[in-house]
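J.: Sequence:
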Amino acid sequence: SRSVGSHESDPSGRNSSKQVCSSVLSVLQKIRDAPGHMGCDIGGSLAKMVMAFPEGEDAVVFPEKFGTSGRCHRHLQMKLTMADQSYLLTFLSGATAQLEEAVEHLGDCRRQASESTGYASRTEPTSPGAASNSSEDARPFSRTFSSWSDEVFSCSRKAHRRMATAGGGACKFASLFRDALRVELEPVREMRALVDGFLLLAPCNSMGTDSTGGSSELLNQDVFTIDEDDMTVSKPWPDPLFPLILVIMGTGV
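According to my numbering, the sequence shown is numbered sequentially starting from 775.
Keep in mind the hints are simulated off the structure, nothing from the lab. We treat Cβ as the ideally placed atom computed from N, Cα and C, and that holds for glycine. Some hints here could point you the wrong way.
Claimed, not checked - Here are the computed distance ranges between Cβ atoms for each label pair:
{"no.": "1", "residue 1": "Ile1000", "residue 2": "Ser949", "range": "34 to 44 angstroms"}
{"no.": "2", "residue 1": "Arg936", "residue 2": "Met965", "range": "16 to 26 angstroms"}
{"no.": "3", "residue 1": "Leu968", "residue 2": "Arg936", "range": "18 to 28 angstroms"}
{"no.": "4", "residue 1": "Gln851", "residue 2": "Gly1024", "range": "22 to 32 angstroms"}
{"no.": "5", "residue 1": "Pro961", "residue 2": "His934", "range": "15 to 25 angstroms"}
{"no.": "6", "residue 1": "Ser1008", "residue 2": "Leu973", "range": "18 to 28 angstroms"}
{"no.": "7", "residue 1": "Ser890", "residue 2": "Gln851", "range": "34 to 44 angstroms"}
{"no.": "8", "residue 1": "Glu1002", "residue 2": "Arg966", "range": "27 to 37 angstroms"}
{"no.": "9", "residue 1": "Asp1013", "residue 2": "Asp882", "range": "50 to 60 angstroms"}
What the hints assert, rightly or not - Taking lysine-lysine and the DSBU-like style, the derived pairs with C-alpha atoms no more than 35 angstroms apart in a straight line are:
{"no.": "10", "residue 1": "Lys822", "residue 2": "Lys839"}
{"no.": "11", "residue 1": "Lys822", "residue 2": "Lys1009"}
{"no.": "12", "residue 1": "Lys946", "residue 2": "Lys822"}
{"no.": "13", "residue 1": "Lys853", "residue 2": "Lys1009"}
Produce the complete structure using the sequences and hints provided.
T.: Below, the structure written as structure tokens:
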């Protein structure tokens, strides 16, 4: 796939060129345009994302590989029903550095287009709900004039899409995502997200409750180990499930 260059000015006033893979930009724009909900974990070396697409709407198709590290994990896809609405969960991952460069590039492109068309930039509140004395800020945001795919900023600088985000990147990249993509990263506790996801996957009979859980025919693929030959070996869920020790080990370990 081809690369697209972006130019940045360093403190000395010189412009530096950065190459961003076009396939990464394409995937990032698909994510930005996608219906439904999204959540991610942005770690120091790897970013992981899950997209929840409403069933019945046109499916968003991602390439199996994009850029040097981007992957769409189709074998992990699963259906989820919540509040009488069915969703298809799709999982993506890629290097955090690659994600940062792609978001910066899109932000630079949109900012340059904004300046060239005469749109004035304004400083946005620190959060979508922050108070403002401006009558213009008090008006409800209209997406009609701010399509995700447009290369021109709307007259409002407010973020208009939220994404639950775990990991250190939730704070580190908050302003970058807000400025470049109009996406507000909402920090969530990483361990709490892990526990909730773990209980979602666990079969209800192993928890000794009547709650829903498990991933139907894929139960035997949820728990696995790696043998001496680096082969994945499926394991049954522990029964009973509790007590247990749950540990997070990031890719930097």
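J.: Compare the structure with each hint and give your call.
T.: Do the hints match the structure? See the list:
One distance hint, 34 to 44 angstroms for the beta-carbon pair Ile1000 and Ser949, holds here, with the actual separation near 39 angstroms. Between Arg936 and Met965 the beta carbon distance is about 21 angstroms. The supplied range of 16 to 26 angstroms therefore holds. Look at Leu968 against Arg936: about 21 angstroms separates their beta carbons, and that is inside 18 to 28 angstroms. Separation of Gln851 from Gly1024 is about 24 angstroms and conforms to the stated range, judged on CB atoms against 22 to 32 angstroms.
A hinted range of 15 to 25 angstroms holds for the C-beta pair Pro961 and His934, which are about 18 angstroms apart. A beta carbon spacing of about 20 angstroms between Ser1008 and Leu973 agrees with the range 18 to 28 angstroms that was offered as a hint. For Ser890 paired with Gln851, a C-beta distance near 41 angstroms keeps the hint of 34 to 44 angstroms intact. Between Glu1002 and Arg966 the beta carbons are some 34 angstroms apart, a value that agrees with the proposed interval 27 to 37 angstroms.
Restraint check, Asp1013 to Asp882: a C-beta distance of roughly 53 angstroms satisfies the suggested window 50 to 60 angstroms. A hinted pair counts as satisfied when its Cα atoms are at most 35 angstroms apart, and Lys822 with Lys839 qualifies at roughly 14 angstroms. Proximity of Lys822 to Lys1009 is assessed by CA-CA distance (about 24 angstroms); at most 35 angstroms being required, the pair is judged to hold. Under the criterion of a C-alpha separation no larger than 35 angstroms, the hint pairing Lys946 with Lys822 is consistent with the structure, at around 16 angstroms.
Only pairs whose Cα atoms come within 35 angstroms are accepted, and Lys853 paired with Lys1009 is accepted, the gap being roughly 22 angstroms.
This entry satisfies every hint, going by the numbered hints stated previously.
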